[in-house]
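K.L.:
Numbering (our numbering) for the sequence shown: 1 to 125.
FYI, nobody ran anything at the bench for these hints, they're computed from the structure.
Ideal Cβ placement from N, Cα and C applies to all residues, glycine included.
Be a bit skeptical, because a hint or two may be false.
Cross-link-like lysine-lysine pairs, in silico, BS3-like; alpha carbons within 27 Å at most [said to hold, decoys possible]:
hint : residue 1 : residue 2
1    : Lys45     : Lys11
2    : Lys55     : Lys85
3    : Lys11     : Lys34
4    : Lys5      : Lys55
5    : Lys34     : Lys90
6    : Lys34     : Lys45
7    : Lys34     : Lys49
8    : Lys90     : Lys45
9    : Lys95     : Lys85
10   : Lys55     : Lys45
11   : Lys5      : Lys34
12   : Lys55     : Lys95
13   : Lys49     : Lys11
14   : Lys5      : Lys49
15   : Lys49     : Lys95
16   : Lys34     : Lys85
17   : Lys49     : Lys85
18   : Lys123    : Lys95
19   : Lys123    : Lys90
Beta-carbon label-pair distances, calculated as ranges [as the list claims (entries may be wrong)]:
hint : residue 1 : residue 2 : range
20   : Lys123    : Asp25     : 14 to 24 Å
21   : Gln113    : Glu32     : 57 to 67 Å
22   : Glu8      : Tyr71     : 42 to 52 Å
23   : Phe13     : Arg112    : 42 to 52 Å
24   : Arg21     : Asp72     : 31 to 41 Å
25   : Lys11     : Lys123    : 11 to 21 Å
26   : Arg21     : Arg112    : 19 to 29 Å
27   : Tyr71     : Asn110    : 25 to 35 Å
28   : Arg112    : Thr46     : 18 to 28 Å
29   : Ile87     : Lys34     : 35 to 45 Å
30   : Met98     : Lys49     : 20 to 30 Å
31   : Arg112    : Glu82     : 40 to 50 Å
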Amino acid sequence: METYKISELAKEFDITTRSIRFYEDEGLIHPERKGSMRIYNRRDKTRLKLILRGKRLGFSLAEIRELFELYDTHQGDTQLTEMLKIIDEKEAVLKRQMEDIQSMLEDLSNARQRCEDALGRRKAS
1 METYKISELA
11 KEFDITTRSI
21 RFYEDEGLIH
31 PERKGSMRIY
41 NRRDKTRLKL
51 ILRGKRLGFS
61 LAEIRELFEL
71 YDTHQGDTQL
81 TEMLKIIDEK
91 EAVLKRQMED
101 IQSMLEDLSN
111 ARQRCEDALG
121 RRKAS
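Turn these sequences into a full structure, and let the hints steer you where they fit.
P.N.:
This is the structure in structure tokens:
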């Protein structure tokens, strides 16, 4: 079984060892311990990757925890329906954010064009 030290995961994901310990304290990852040393397995590494991706996508740690709990439990219809609901809600939020970002990019592009036009007129006169 492939295992990792905390420093290896921190380097791979470009985060601090303190961040990894925080996710452990929050119950999101569960490394084995050998004395005072933490030993992380492939599952911990995958969970860490999902935590970081979830954070980038705007998921709170509570939402990430809830998704992990739903995934870890027996996935009956209730759990799967709840997971779909969470995914749909986050997808709607991200789509709205994407629309807002696109609108802001268009506004910035228009402002840039007006500034460039004004500079061009000043240089021409």
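K.L.:
Hints first: check each against the structure and report whether it holds.
P.N.:
Each hint tested on the structure:
no.: 1; hint: Lys45 with Lys11; in the structure: holds, 12 Å
no.: 2; hint: Lys55 with Lys85; in the structure: holds, 18 Å
no.: 3; hint: Lys11 with Lys34; in the structure: holds, 21 Å
no.: 4; hint: Lys5 with Lys55; in the structure: holds, 23 Å
no.: 5; hint: Lys34 with Lys90; in the structure: violated, 38 Å
no.: 6; hint: Lys34 with Lys45; in the structure: holds, 18 Å
no.: 7; hint: Lys34 with Lys49; in the structure: holds, 23 Å
no.: 8; hint: Lys90 with Lys45; in the structure: holds, 24 Å
no.: 9; hint: Lys95 with Lys85; in the structure: holds, 15 Å
no.: 10; hint: Lys55 with Lys45; in the structure: holds, 15 Å
no.: 11; hint: Lys5 with Lys34; in the structure: holds, 11 Å
no.: 12; hint: Lys55 with Lys95; in the structure: holds, 16 Å
no.: 13; hint: Lys49 with Lys11; in the structure: holds, 13 Å
no.: 14; hint: Lys5 with Lys49; in the structure: holds, 15 Å
no.: 15; hint: Lys49 with Lys95; in the structure: holds, 23 Å
no.: 16; hint: Lys34 with Lys85; in the structure: violated, 40 Å
no.: 17; hint: Lys49 with Lys85; in the structure: holds, 22 Å
no.: 18; hint: Lys123 with Lys95; in the structure: violated, 42 Å
no.: 19; hint: Lys123 with Lys90; in the structure: violated, 49 Å
no.: 20; hint: Lys123 with Asp25: 14 to 24 Å; in the structure: violated, 60 Å
no.: 21; hint: Gln113 with Glu32: 57 to 67 Å; in the structure: holds, 58 Å
no.: 22; hint: Glu8 with Tyr71: 42 to 52 Å; in the structure: violated, 25 Å
no.: 23; hint: Phe13 with Arg112: 42 to 52 Å; in the structure: violated, 36 Å
no.: 24; hint: Arg21 with Asp72: 31 to 41 Å; in the structure: violated, 21 Å
no.: 25; hint: Lys11 with Lys123: 11 to 21 Å; in the structure: violated, 51 Å
no.: 26; hint: Arg21 with Arg112: 19 to 29 Å; in the structure: violated, 44 Å
no.: 27; hint: Tyr71 with Asn110: 25 to 35 Å; in the structure: violated, 44 Å
no.: 28; hint: Arg112 with Thr46: 18 to 28 Å; in the structure: violated, 42 Å
no.: 29; hint: Ile87 with Lys34: 35 to 45 Å; in the structure: holds, 37 Å
no.: 30; hint: Met98 with Lys49: 20 to 30 Å; in the structure: holds, 23 Å
no.: 31; hint: Arg112 with Glu82: 40 to 50 Å; in the structure: holds, 45 Å
The earlier numbered hints that this structure contradicts are 5, 16, 18, 19, 20, 22, 23, 24, 25, 26, 27, 28.
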